[in-house]
Amino acid sequence: MTHRKKRAWIGVLFALPAILGLVILKIYPIIVSGFYSLTEYHITVSPEWVGIENYKNLFSDPLFIKSFSNTMYYLVLLVPLGLVVGICLALLLVKDIKGISFFRSMVYLPSIVPVYAFATVALWFFNPYFGLVNGLLARVGINGPLWVADESWVKFTLVLAAQWGAGPTALLFMASMKDIPRELYEAATLEGANAWQKFWRITFPFISPVTLYYLITSSIQALQFFDMPNIMTGGGPNNASLSLGMYIYRHAFRYTNMGYASAMSWIIFIIALILSFVLFRTSMKWVFYGE
Amino acid sequence: MKSKKKRFKISTVISLILLIIVTIIYMLPFFWMVSTSFKADYELYEYPTPLWPDKLMFENYKHAVTYFPFFKYFRNSIIITAGSVIGVLFSCPLAAYSFAQLKWKGRDIIFYSLIATMMLPNFVTLIPLFVIFSKLNLVNTFWPLIIPSFLGQPFFIFLLRQFFLSLPTSLFDAARIDGASEFQIYTKIALPLTKPALLVVGLFQFLASWNDYLGPLIYLTNENKYPLSLGLPQFLNQYGTHWNWMMAAATITVIPVLIFFILTQKQLIEGIKFSGSKG
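Residue numbers (numbering that gives the first Met the number 0), protein chains in the order written: chain A, 0 to 290; chain B, 0 to 278.
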């Protein structure tokens, strides 16, 4: 009995760093940022209670509305495009071809190139006049767009550039495709199923748990899109690429408007909660866990 | 039978062509980076853009290193990254072992709370954490970027717990009967058995810290403390028209990552598959 009790204490002791982390790095900050969002707070003086004033002000702040709608654009473009790119790459990389591990490495490699290095390279790569993309397009007689210099193209350019980081997603999907028994495809072929039917009837059910995981994690990432726009455009031109994350950063760390910035971070939080809830709820209809 | 085999071959050829196209697309920005890094100034702004320089201008690299204190930034990146890797390798397996193999009250609630925080957007905790670290006078030091890793990282704890769960409890019970202390069991039996998983966790944390941009941006304002993640974009702002120097600096930044990748790609790719199959 005492031995078991002692072991229980050791269990707590072993987990202590993580328990402290849970409290100090997660639970306390969630509560406090909720509190800050209801105050005016400039870090040097203590927070002053203003109620829901910050939230009210948000909706009459044109830059908040702009960064919010930009972020929604990122969300609805980044997540599905990343899904399609990831699955298509996985379908190719799962093939049992000689030298396939070389191709896997090549697709994975750009994702571990630091985003700050890749962002500067991408900026030059997509340069409207002297970049490689428009240079190649010009050679085949196409007048390329202005990419990050054009208000109507900048968000799409950033989303496109982000696809060079699709490697890990592709490998995740690939790993789950490898578990699919070959006989299923052979049987489907005998019954005359085409590739499209095979994908939806056989492949998709097997990769649906990973799809759910991808949708949740990538949505949360898309809501916080920051590194690439901050390095490549700084939010421009004319705030067309300003994301919520960037606007939070600006208010919190340039203007020290901690209260106002916290209110914005709670907007992200609430959207993330709603999205996760909806995805989990609907997942019962389309996610298949092994029988 | 014959026609089936032939069709199989055609589909392989199509796949191979697609794979080559994909690889070219994925390598193209890096080709452009290297090509530009060797270009003379006048070649930067020629139209149509030359794909490869007439003469390799190695001087660009000299300029890049002169104006871009690579080694200082590199050293700072190393310190932050090493600290964080040590941190997660200390805190995560300890917690994971406890969650998997030791029984205590409230264990599962805490574990599932940790898992739930994986879905918490970083921006929610960013401001309160900054306030804490600035009250502790730790802004402009590396500590805010290192300390959190000593307090566990939910995703790694989750991965390692899966690993510890796969070890038979009888193994540990036998050691207990032999009179080994819990700490001995952990260091002598559990940890050595998890080496492959620890390696993956270390590699993932290495990449996360090395690639972190927002953390240093918030906590480090003194240029002497800049890691590569702040140094390179700053170079872009100062010498933005010298794209050849810029790309030389980017190439120098990518080379260590490339070496890291060549040395560890097997473990990295296996690690991703592992995290996927358990996720």
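Do not rely on the hints blindly, as some may be mistaken.
To be verified - Label-pair ranges, simulated between beta-carbon atoms:
(1) B:Lys194 - A:Leu15: 37 to 47 Å
(2) B:Trp51 - A:Leu136: 41 to 51 Å
(3) B:Trp51 - A:Gly233: 47 to 57 Å
(4) B:Ile24 - A:Leu12: 12 to 22 Å
(5) B:Leu137 - A:Ile51: 30 to 40 Å
(6) A:Leu136 - B:Pro68: 50 to 60 Å
(7) B:Ile19 - A:Thr281: 32 to 42 Å
(8) B:Met117 - A:Val44: 29 to 39 Å
(9) B:Ile108 - A:Val277: 38 to 48 Å
(10) A:Phe58 - B:Thr22: 41 to 51 Å
(11) B:Gln266 - A:Asn56: 16 to 26 Å
(12) A:Ile42 - B:Asn221: 40 to 50 Å
(13) A:Pro180 - B:Val12: 37 to 47 Å
Unchecked claim - Each computed DSS-like pair below joins lysine-lysine, with the alpha-carbon atoms no more than 25 Å apart:
(14) B:Lys134 - B:Lys194
(15) B:Lys224 - B:Lys134
(16) A:Lys177 - B:Lys224
(17) A:Lys197 - B:Lys8
(18) A:Lys65 - A:Lys97
(19) A:Lys4 - B:Lys272
(20) B:Lys8 - A:Lys97
Note that these hints are calculated values from the structure, not bench results. Even for Gly, the Cβ is constructed at its ideal location relative to N, Cα and C.
So, going through the hints one by one against the coordinates:
1. B:Lys194 - A:Leu15: 37 to 47 Å: Since B:Lys194 and A:Leu15 have Cβ atoms about 24 Å apart, the given range 37 to 47 Å is violated.
2. B:Trp51 - A:Leu136: 41 to 51 Å: 18 Å Cβ-Cβ, so the 41 to 51 Å window is violated.
3. B:Trp51 - A:Gly233: 47 to 57 Å: Violated, since B:Trp51 and A:Gly233 (Cβ atoms, about 31 Å apart) do not stay within the stated range.
4. B:Ile24 - A:Leu12: 12 to 22 Å: violated, 52 Å
5. B:Leu137 - A:Ile51: 30 to 40 Å: holds, 32 Å
6. A:Leu136 - B:Pro68: 50 to 60 Å: violated, 37 Å
7. B:Ile19 - A:Thr281: 32 to 42 Å: At roughly 38 Å between Cβ atoms, A:Thr281 and B:Ile19 fall inside 32 to 42 Å, so the hint holds.
8. B:Met117 - A:Val44: 29 to 39 Å: holds, 35 Å
9. B:Ile108 - A:Val277: 38 to 48 Å: The hint (38 to 48 Å, Cβ to Cβ) is violated, given that B:Ile108 and A:Val277 are roughly 25 Å apart.
10. A:Phe58 - B:Thr22: 41 to 51 Å: Holds: the Cβ-Cβ distance is about 47 Å, inside 41 to 51 Å.
11. B:Gln266 - A:Asn56: 16 to 26 Å: violated, 49 Å
12. A:Ile42 - B:Asn221: 40 to 50 Å: violated, 18 Å
13. A:Pro180 - B:Val12: 37 to 47 Å: violated, 26 Å
14. B:Lys134 - B:Lys194: violated, 38 Å
15. B:Lys224 - B:Lys134: Holds, because 19 Å separates the two Cα atoms, which is no more than 25 Å.
16. A:Lys177 - B:Lys224: violated, 45 Å
17. A:Lys197 - B:Lys8: Holds. A:Lys197 to B:Lys8 sits at ~19 Å (cutoff 25 Å).
18. A:Lys65 - A:Lys97: Violated. A:Lys65 to A:Lys97 sits at ~49 Å, over the 25 Å cutoff.
19. A:Lys4 - B:Lys272: Measuring from Cα to Cα gives roughly 38 Å; hence the hint is violated.
20. B:Lys8 - A:Lys97: OK: B:Lys8 and A:Lys97 at ~13 Å, within 25 Å.
Violation of the numbered hints given earlier is confined to hints 1, 2, 3, 4, 6, 9, 11, 12, 13, 14, 16, 18, 19; the remaining hints are satisfied by the structure.
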